[in-house]
Amino acid sequence: MPSARLMIVSLAILALVLVACDATPPAAQTPGGEQPTPAGQETPGQQPGGETPGGGEPGAQTPDAQTPGAQPTPGGPTGARLGIIQSRGNLICGVNGGLQGFSFLDESTNSWSGFDADYCRAVAAAVLGDPDAVEFRALSADDRGPALQAGEIDVLIRNTTWTSSRDASWGNFGPTTFYDGQGMMVNRSLTDAASLEDLAGATICVQSGTTTELNLADQMRVRNVEYTPLVFDNIDATYEAYTQGRCDAVTSDRSQLVGRRSAFSDPGEHELLDVVMSKEPLGPVVPHGDDQWYDVVKWVVFATFEAEELGIDSGNVTDMASTSEDPVVRRLLGVQPEVGELASGLGLEDDWVVTMISAVGNYEEIYNRNLGPETPLNLDRGPNQQWTDGGLLYAPPYR
Amino acid sequence: MSGGELADLPRMPPAPEPPPIRKIGWQAWLRQNLFNSWLSGLLTVVVGVALVCLAILSIQWVINARWEVVTQNLRLFLMGQYPIEHAWRVWLTLAILSVLAGVTAASSGGPTRALATWLAAGQAMLGLLMLASPMGVVAALATIANGVALWIAFLLALRRPIAGRTLGIVWLVYVPVALILLHGLGGTPLEVVPARFWGGLLLTFLLSISGIVLSFPVGVLLALGRRSDMRLISGMSTAFIEIVRGVPLITILFMASILLPLFLPGDLRIDAVLRAIGGITIFSAAYVAENVRGGLQAIPSGQIEAANAIGLNAFQRNVHIVLPQALRSVIPANVGLFISLLKDTTLVFIAGGGLLELLGVGRSVLAQPAFLGAHLEVYVFISVVFFVLCYAMSQASYRLEAAMGVGTR
Amino acid sequence: MPPWRDIGVLRVVAQLVALALVLLAGAWLMSNLVDNMRQTRLTFGFGFLNSTAGFDIGESLFAYSATDTYLRAFLVGLANTLMVSLVGIVLATILGLITGIARLSRNWLVNKMAAGYVELMRNTPLLVQLVLIYAVLIQLPSVANSISLPGSIFLNQRGLSFPRPVPEQGFTPWLLIVLVAVALAVAAHVLAGRREEAGRDPGHLRLAGLAVVVAAAIGGALAVGGPIGFDLPQQQRFNFVGGLTISPELTALLVGLVVYTAAFIGEVVRGGIQAVRRGQLEAAASIGLTDMQTLRMIVLPQALRIIVPPLTSQYLNLAKNSSLAIAVGFADLFSVSRTMANQTGNPISVILLVMATYLLISLVTSLLMNIYNRRVQVLER
Numbered sequence: 001m002p003s004a005r006l007m008i009v010s011l012a013i014l015a016l017v018l019v020a021c022d023a024t025p026p027a028a029q030t031p032g033g034e035q036p037t038p039a040g041q042e043t044p045g046q047q048p049g050g051e052t053p054g055g056g057e058p059g060a061q062t063p064d065a066q067t068p069g070a071q072p073t074p075g076g077p078t079g080a081r082l083g084i085i086q087s088r089g090n091l092i093c094g095v096n097g098g099l100q101g102f103s104f105l106d107e108s109t110n111s112w113s114g115f116d117a118d119y120c121r122a123v124a125a126a127v128l129g130d131p132d133a134v135e136f137r138a139l140s141a142d143d144r145g146p147a148l149q150a151g152e153i154d155v156l157i158r159n160t161t162w163t164s165s166r167d168a169s170w171g172n173f174g175p176t177t178f179y180d181g182q183g184m185m186v187n188r189s190l191t192d193a194a195s196l197e198d199l200a201g202a203t204i205c206v207q208s209g210t211t212t213e214l215n216l217a218d219q220m221r222v223r224n225v226e227y228t229p230l231v232f233d234n235i236d237a238t239y240e241a242y243t244q245g246r247c248d249a250v251t252s253d254r255s256q257l258v259g260r261r262s263a264f265s266d267p268g269e270h271e272l273l274d275v276v277m278s279k280e281p282l283g284p285v286v287p288h289g290d291d292q293w294y295d296v297v298k299w300v301v302f303a304t305f306e307a308e309e310l311g312i313d314s315g316n317v318t319d320m321a322s323t324s325e326d327p328v329v330r331r332l333l334g335v336q337p338e339v340g341e342l343a344s345g346l347g348l349e350d351d352w353v354v355t356m357i358s359a360v361g362n363y364e365e366i367y368n369r370n371l372g373p374e375t376p377l378n379l380d381r382g383p384n385q386q387w388t389d390g391g392l393l394y395a396p397p398y399r
Numbered sequence: 001m002s003g004g005e006l007a008d009l010p011r012m013p014p015a016p017e018p019p020p021i022r023k024i025g026w027q028a029w030l031r032q033n034l035f036n037s038w039l040s041g042l043l044t045v046v047v048g049v050a051l052v053c054l055a056i057l058s059i060q061w062v063i064n065a066r067w068e069v070v071t072q073n074l075r076l077f078l079m080g081q082y083p084i085e086h087a088w089r090v091w092l093t094l095a096i097l098s099v100l101a102g103v104t105a106a107s108s109g110g111p112t113r114a115l116a117t118w119l120a121a122g123q124a125m126l127g128l129l130m131l132a133s134p135m136g137v138v139a140a141l142a143t144i145a146n147g148v149a150l151w152i153a154f155l156l157a158l159r160r161p162i163a164g165r166t167l168g169i170v171w172l173v174y175v176p177v178a179l180i181l182l183h184g185l186g187g188t189p190l191e192v193v194p195a196r197f198w199g200g201l202l203l204t205f206l207l208s209i210s211g212i213v214l215s216f217p218v219g220v221l222l223a224l225g226r227r228s229d230m231r232l233i234s235g236m237s238t239a240f241i242e243i244v245r246g247v248p249l250i251t252i253l254f255m256a257s258i259l260l261p262l263f264l265p266g267d268l269r270i271d272a273v274l275r276a277i278g279g280i281t282i283f284s285a286a287y288v289a290e291n292v293r294g295g296l297q298a299i300p301s302g303q304i305e306a307a308n309a310i311g312l313n314a315f316q317r318n319v320h321i322v323l324p325q326a327l328r329s330v331i332p333a334n335v336g337l338f339i340s341l342l343k344d345t346t347l348v349f350i351a352g353g354g355l356l357e358l359l360g361v362g363r364s365v366l367a368q369p370a371f372l373g374a375h376l377e378v379y380v381f382i383s384v385v386f387f388v389l390c391y392a393m394s395q396a397s398y399r400l401e402a403a404m405g406v407g408t409r
Numbered sequence: 001m002p003p004w005r006d007i008g009v010l011r012v013v014a015q016l017v018a019l020a021l022v023l024l025a026g027a028w029l030m031s032n033l034v035d036n037m038r039q040t041r042l043t044f045g046f047g048f049l050n051s052t053a054g055f056d057i058g059e060s061l062f063a064y065s066a067t068d069t070y071l072r073a074f075l076v077g078l079a080n081t082l083m084v085s086l087v088g089i090v091l092a093t094i095l096g097l098i099t100g101i102a103r104l105s106r107n108w109l110v111n112k113m114a115a116g117y118v119e120l121m122r123n124t125p126l127l128v129q130l131v132l133i134y135a136v137l138i139q140l141p142s143v144a145n146s147i148s149l150p151g152s153i154f155l156n157q158r159g160l161s162f163p164r165p166v167p168e169q170g171f172t173p174w175l176l177i178v179l180v181a182v183a184l185a186v187a188a189h190v191l192a193g194r195r196e197e198a199g200r201d202p203g204h205l206r207l208a209g210l211a212v213v214v215a216a217a218i219g220g221a222l223a224v225g226g227p228i229g230f231d232l233p234q235q236q237r238f239n240f241v242g243g244l245t246i247s248p249e250l251t252a253l254l255v256g257l258v259v260y261t262a263a264f265i266g267e268v269v270r271g272g273i274q275a276v277r278r279g280q281l282e283a284a285a286s287i288g289l290t291d292m293q294t295l296r297m298i299v300l301p302q303a304l305r306i307i308v309p310p311l312t313s314q315y316l317n318l319a320k321n322s323s324l325a326i327a328v329g330f331a332d333l334f335s336v337s338r339t340m341a342n343q344t345g346n347p348i349s350v351i352l353l354v355m356a357t358y359l360l361i362s363l364v365t366s367l368l369m370n371i372y373n374r375r376v377q378v379l380e381r
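Sequences listed follow chains B, G and X, in order. In terms of my numbering, the first sequence has 206 at position 206, counting the first letter as 1, and numbering is strictly consecutive. In terms of my numbering, the second sequence has 147 at position 147, counting the first letter as 1, and numbering is strictly consecutive. In terms of my numbering, the third sequence has 144 at position 144, counting the first letter as 1, and numbering is strictly consecutive.
Everything labelled a hint here was simulated from the structure, so no lab data went into it. One or more hints might be untrue.
[Stated by the list, open to error] With beta-carbon atoms standing in for the labels, derived distance ranges:
1. G:E401 to X:G199: 26 to 32 Å
2. B:V276 to X:S65: 50 to 56 Å
3. G:L128 to X:N111: 29 to 35 Å
4. G:L42 to X:E168: 50 to 56 Å
5. G:P19 to X:R194: 38 to 44 Å
6. B:S262 to X:S152: 40 to 46 Å
7. G:C53 to B:G382: 30 to 36 Å
8. X:L97 to B:T191: 42 to 48 Å
9. G:G302 to X:N111: 22 to 28 Å
[To be verified] Interface residues of chain G toward chain X, partial, derived using beta-carbon atoms under 7 Å:
10. L42
11. T44
12. I233
13. S234
14. T251
15. L260
16. P265
[Stated by the list, open to error] Over the 10 Å line for every Cβ pair with chain B, so calculated as not near, a few chain G residues:
17. Y174
18. I258
19. P261
20. I321
21. L366
Cβ coordinates follow ideal geometry from the N, Cα and C atoms, glycine included.
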């Protein structure tokens, strides 16, 4: 039986912990006089996870600034991750696994499909020459941050919204591949609500660990709408409760709502309200501290945009590589002497774009294959068009 | 009076006596056990009616339930995402295990014989179940053959029991062999299948067996440490034990999955499975320590004094005198711990890390569009599997307790 | 004696070596931790408790909104856990007592049924039972098709809604009257106990006391005129508004915990009662005590001595098992803390806080039960 001695022991430990926490910032213990990061001290009211990198930016790391005995972690500023991936021979890609249209594992055939899954293949094709050299890791919304922070995955392409707090704590966000917004889906057999205000008194299902959860609270408070949230920690439980009628509505990114609805037994009974509750730019994320790897992933995405803009697709890419006279095209597709050092500067082969496009296609092909009019999702491209067509996709020049 | 007069007395038939109350037979049993008082009779009627209704409803449900959710996904339930082309390695491991279990059951006397029967019967039934699933006739026959092999090994070993020491060595060798078979070394035919792909019942067994095997020595050390006279060591041991026993397992698993990678140098990647095993080991070590402490306390101090008198030092005393007696007396309690550990493996799904043991596989199967709403079937199946495993072990534990005469010596 | 053979010196050295090893290991672990935390931009510190939470919690005992601090969210989770634990302990004890007594019954059917129930609970995982109960509860009809029971009680897949008692004007005087009556009844009970110990028949003292309480309750209510009003649940567009609604999440958690723990408590109770020596029962019968009196005055006091320690550990298990609420979507302490760990980017502090809180709950429960244990032990001569 625990006794007074035990109480004292545990209270002492608790006190030690509470004292130690607000004591010296961790970085001050490293020799080399590195500027202490304010990691250990948080001012009240500071944004969660918002930590100024300050002098702790690993880019300024010198050998004496590292604690003795610690190996340089893969993903250090020296660009180790690209080399590690190439020597390992496959890309570890963090994905959702349960979202039709974006990353979905068909368990009976053990095959992965989706927009995000295709982008994983694109990166693998660009870096390793083989679009199938991908190890997909299904991660829940709660696990994706820690997995990225620990560097367990090379890249996270998991319908992840780009926010400032995530940029600061999870990793570096690549270009947005899908501009989305948060929406609300209602069960027409339970209600005929047409707007958020009509949902006063309703029960709304939401998933924990998402921006959705926070935005829902904000938007309903702004509109002065009382509601009951029902929070689940995994995506399947959330939608299951919704389809069983436990909640009147479910909220998430519009693309996710449409994707999940496509697998319902009665998709016609569920309707998305005509409201966009927030901006949700979805894109790939790489772990902090590896500039070279970040550049590679960025330019893989930009290349898919650029290919669509230039009219290059998987059907004509090899032809255009050999026959095109346009210097922009020749540069992108790795034809010397136009491409010069561009590809090797990134750490890739000259013809990496050709390999990638012939494997997965340009942005339009990736989009149409997974979210286009031929698929159950049939999502309108909306802002996800080239800037020349009035959309938001704009690739910087490859030169 | 002469005899003749007596013979003239009118002979009356003896007065009829009431029939004796029957104390044997089924009517007597009913009266004694079901209707021995008016309250009891009322209870019998009420409970009996309720049970019959429940039974009828259950049987109706069982017949009409969608059992294909179990049979179609049987491979997932048993092995998780283990690649199909390497499944033969799992069967091989199971086959060796069956033979070993049969031999051990025969050689170690009474209590474990029942276990052999359970295992053989279980495998045979599993094989029959597999016939109904898309796993293929070959796999089904292999499993049934396993059950038969177990029984044959059992019978053979009954004739010629193998010595305990040999068996112990064989088991010790089996563990790394099994791990190599399942995990692989690289290169055909033993390609590496990372533990991340092990799922279902395979993962449940891996987690629980590693948990109990690893936590046992740690728990013994902790118990010895707690009883040590050196204040520092006993203080640290006590603190560790009481803290771990005071928090739920799920917080320890959560802590292990988040913190363990942070405590290791950056380039040492630790698999999600290892993290779960770490958490389970930490948790279970504290409970093993308390069990062993109870056993240590039950050792008469005369033993310690005698050991000191013949000049054994502390280490020798512990290894040769104290621990053997203490551990023998806490085996039943430790079997109870193993049963709890087996049930607690269901928590790793919640703790994060994407591990899918039996319950996790069940929940992911339920997410498939074809099987939406088949909750009861899946959960009942999982409950039955756990019940069979745990009940077999607890029965073995009862018999072990009886055989060892715990508490009577 | 040379120092390396002096046992006293060796022990001190051994402790110092152990301490050094632990400190070294701790230092290595901490340096790794510091490195990794800097690398992964994780923060440490408890300042986040003052930041805005930003997320909503489904059920809470007191007012909470997304603009409140993380600290308040934490307290909401803690209140939920405490509520579930307390209610669970009370209900599980009652059910456990019934189970234990059933296991000792001479009625074969009742005995075997209780045995079957206990074996079922002991051999299936609690988590599977929880999700099973929740899955069944969700299958109840929707709000529009609620099952309505007499007394304005409605049962549907969103929970059980029933009228909530609201104290009206006359509540306080009525409560006073009832309390006085209860005091009289307790006095009657004590008096009856004294009479029994003196060997005299207590008569109907206890019954009289009970009658006084009932009379006071009814008479007081009539005299004061409606001390309690009821807030009835009304079916609105989506849910029932008003009254008290117990969600299926809470129901599943409570039912699962109670049913599971009661089986173990039943076994503990059975062990305790069986441990009372048969001679005591025979002696009680020989001096003419009825079954009830024997149970109350002879069996229970002795059985309690044996029951209380394992009962404590079952209570602790129930409190710890309440953390499985996350599987059914109930916002208890662990569930809230998981959300906090993700949203703040500060998982270490949150984990420490949660573990310390559970430790505190365990400690307080053990302490309270220890006090009761000591009372039960001291009652012998």
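Hint-by-hint comparison with the structure:
1. Between E401 of chain G and G199 of chain X the C-beta distance comes to about 44 Å, which lies outside the given range of 26 to 32 Å.
2. At roughly 24 Å, the beta-carbon separation of V276 of chain B and S65 of chain X lies outside the given 50 to 56 Å, and the hint is violated.
3. Separated by about 34 Å at the C-beta atoms, L128 of chain G and N111 of chain X satisfy the suggested range of 29 to 35 Å.
4. Between L42 of chain G and E168 of chain X the beta carbons are some 41 Å apart, a value that contradicts the proposed interval 50 to 56 Å.
5. Between P19 of chain G and R194 of chain X, the C-beta spacing of about 50 Å breaks the proposed range 38 to 44 Å.
6. Between S262 of chain B and S152 of chain X the Cβ separation comes to about 42 Å, which falls inside the hinted range of 40 to 46 Å.
7. In this structure the hint that C53 of chain G and G382 of chain B lie 30 to 36 Å apart at CB is violated, the actual value being about 57 Å.
8. Judged by the Cβ atoms, the range 42 to 48 Å given for L97 of chain X and T191 of chain B holds: they are separated by roughly 46 Å.
9. One distance hint, 22 to 28 Å for the beta-carbon pair G302 of chain G and N111 of chain X, is violated here, with the actual separation near 42 Å.
10. The restraint placing L42 of chain G at the interface with chain X is violated, with a minimum CB-CB distance near 10 Å, outside the 7 Å limit.
11. At about 5 Å, the closest approach between the beta carbon of T44 of chain G and any beta carbon in chain X falls short of 7 Å, and the interface hint on this residue holds.
12. For I233 of chain G, the interface hint holds, the least distance from its beta-carbon to any beta-carbon of chain X being 6 Å, beneath 7 Å.
13. Because the closest C-beta pair between S234 of chain G and chain X is about 10 Å apart, greater than 7 Å, the hint is violated.
14. Evaluation of the T251 of chain G hint against chain X yields a held restraint, the C-beta minimum of about 5 Å falling below 7 Å.
15. Nearest Cβ of chain X to the Cβ of L260 of chain G: about 10 Å, over the 7 Å cut. The hint is violated.
16. Checking P265 of chain G against chain X: minimum C-beta separation of about 5 Å stays under 7 Å; hint holds.
17. Its beta-carbon lying about 30 Å from the closest one in chain B, Y174 of chain G satisfies the requirement of being farther than 10 Å from that chain.
18. Once the 10 Å rule is applied to beta carbons, I258 of chain G is inconsistent with being away from chain B; the minimum gap is 6 Å.
19. With a closest Cβ-Cβ approach of about 5 Å to chain B, P261 of chain G is found to fall inside the 10 Å limit, against its non-interface label.
20. At roughly 28 Å from the closest C-beta of chain B, the C-beta of I321 of chain G stays outside 10 Å, upholding its exclusion from the interface.
21. Distance check on L366 of chain G: its Cβ comes as close as 7 Å (rounded) to a Cβ of chain B, failing to clear the 10 Å threshold; non-interface status is violated.
Checked against the numbered hints given earlier, the structure breaks hints 1, 2, 4, 5, 7, 9, 10, 13, 15, 18, 19, 21 and satisfies all the rest.
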